[in-house]
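Could you put together the complete structure from these sequences and hints?
Here the numbering used here is used: the first residue of the sequence shown is 67, the next is one more, and so on.
Quick caveat, the hints were computed from the structure, so don't treat them as lab data.
On a predicted model such as this, the values are computed, not experimentally measured, just so you know.
There may be inaccurate statements among the hints.
[What the hints assert, rightly or not] Simulated restraints, written as ranges between beta carbons of each label pair:
no.: 1; residue 1: 220; residue 2: 89; range: 19 to 29 Å
no.: 2; residue 1: 187; residue 2: 99; range: 17 to 27 Å
no.: 3; residue 1: 221; residue 2: 251; range: 36 to 46 Å
no.: 4; residue 1: 104; residue 2: 169; range: 16 to 26 Å
[Said to hold, decoys possible] Keeping only pairs whose Cα atoms sit at most 16 Å apart, straight-line, the calculated EDC-like set for lysine to aspartate or glutamate is:
no.: 5; residue 1: 144; residue 2: 116
no.: 6; residue 1: 93; residue 2: 116
no.: 7; residue 1: 144; residue 2: 175
For glycine and all other residues, C-beta sits at the position ideal for the given N, C-alpha and C.
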Amino acid sequence: CPHILAEPQRTNLVTYSEDFSNAYWNKVVGTYTPDLITAPDGTQSMGAFENTTANGRLSNTTTITSNDATHSGYYKAKDSDYIFIRAIGFDDTISIHFNLVNGTFNITEGSPVGKMEDFGNGIYRCSMSFTTTTSLTATWYLYPTNSPTLSGQIGDSYYIWGAQLEAGSYATSYIPTSGSTVTRN
Numbered sequence: 067c068p069h070i071l072a073e074p075q076r077t078n079l080v081t082y083s084e085d086f087s088n089a090y091w092n093k094v095v096g097t098y099t100p101d102l103i104t105a106p107d108g109t110q111s112m113g114a115f116e117n118t119t120a121n122g123r124l125s126n127t128t129t130i131t132s133n134d135a136t137h138s139g140y141y142k143a144k145d146s147d148y149i150f151i152r153a154i155g156f157d158d159t160i161s162i163h164f165n166l167v168n169g170t171f172n173i174t175e176g177s178p179v180g181k182m183e184d185f186g187n188g189i190y191r192c193s194m195s196f197t198t199t200t201s202l203t204a205t206w207y208l209y210p211t212n213s214p215t216l217s218g219q220i221g222d223s224y225y226i227w228g229a230q231l232e233a234g235s236y237a238t239s240y241i242p243t244s245g246s247t248v249t250r251n
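The following block contains the structure:
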């Protein structure tokens with residue numbers, strides 16, 4: 067029986083949601099290798115980020131024009147058990163350590179709301195939602211780590227695909243982008 071996907075209109079503010087080799091993504095003391103494993107959409111497009119020194123990370127800076135925001139992405143453990151997602155620039159620094167082996171998470175800074183959805187084959191969609199009293203620019207950091215409380219070490223790595231940042235208090239279905247923001251009506 068056909069059904070209608072009933073979701074609110076949302077915009078993915080991440081302009082390169084799958085191409086982490088693009089300069090939009092700042093690779094701090096680490097490297098990104100594209101197209102290593104099968105992504106949730108069935109294509110060979112899920113790449114990996116790996117630390118070349120301690121505390122390596124992917125990052126980008128995005129302006130949020132709403133008081134509610136949600137960051138999400140698809141991750142899989144590689145040489146790290148955790149992905150540490152952190153945002154700086156709002157009322158408060160917020161962060162969550164997501165365990166990519168057992169599907170749990172630990173809020174480590176601020177008071178965001180975390181969620182993990184199992185997509186099979188060890189892939190989780192991890193999301194971090196929060197409310198801020200101001201609308202401003204924030205920097206997002208994605209660290210690989212093997213500790214639920216620390217940043218990563220040399221060689222720590224994770225697979226990544228499908229990054230999304232949207233105005234709203236929860237993650238909606240994935241909206242792919244390749245060079246600009248995209249709005250789903």
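Sort out whether residue 116 lies within 16 Å of residue 93, counting only the CA atoms.
holds, 9 Å
Status of the given 17 to 27 Å range, CB of residue 99 versus CB of residue 187:
holds, 19 Å
Within a Cα-Cα threshold of 16 Å, do residue 144 and residue 175 meet the stated pairing?
This hinted pair is violated, its Cα atoms lying about 25 Å apart.
Is 16 to 26 Å a correct range for the gap between the Cβ atoms of residue 104 and residue 169?
holds, 19 Å
For the pair we were handed, residue 144 and residue 116, check the Cα-Cα distance against 16 Å.
Roughly 9 Å between the alpha carbons, so the hint for residue 144 and residue 116 holds.
Can the suggested window of 36 to 46 Å be confirmed for the beta-carbon pair residue 221 and residue 251?
At 43 Å between Cβs, range holds.
Looking only at beta-carbon atoms, does the pair residue 220, residue 89 fall within the given range of 19 to 29 Å?
holds, 24 Å
Violation of the numbered hints given earlier is confined to hint 7; every other hint is satisfied by the structure.
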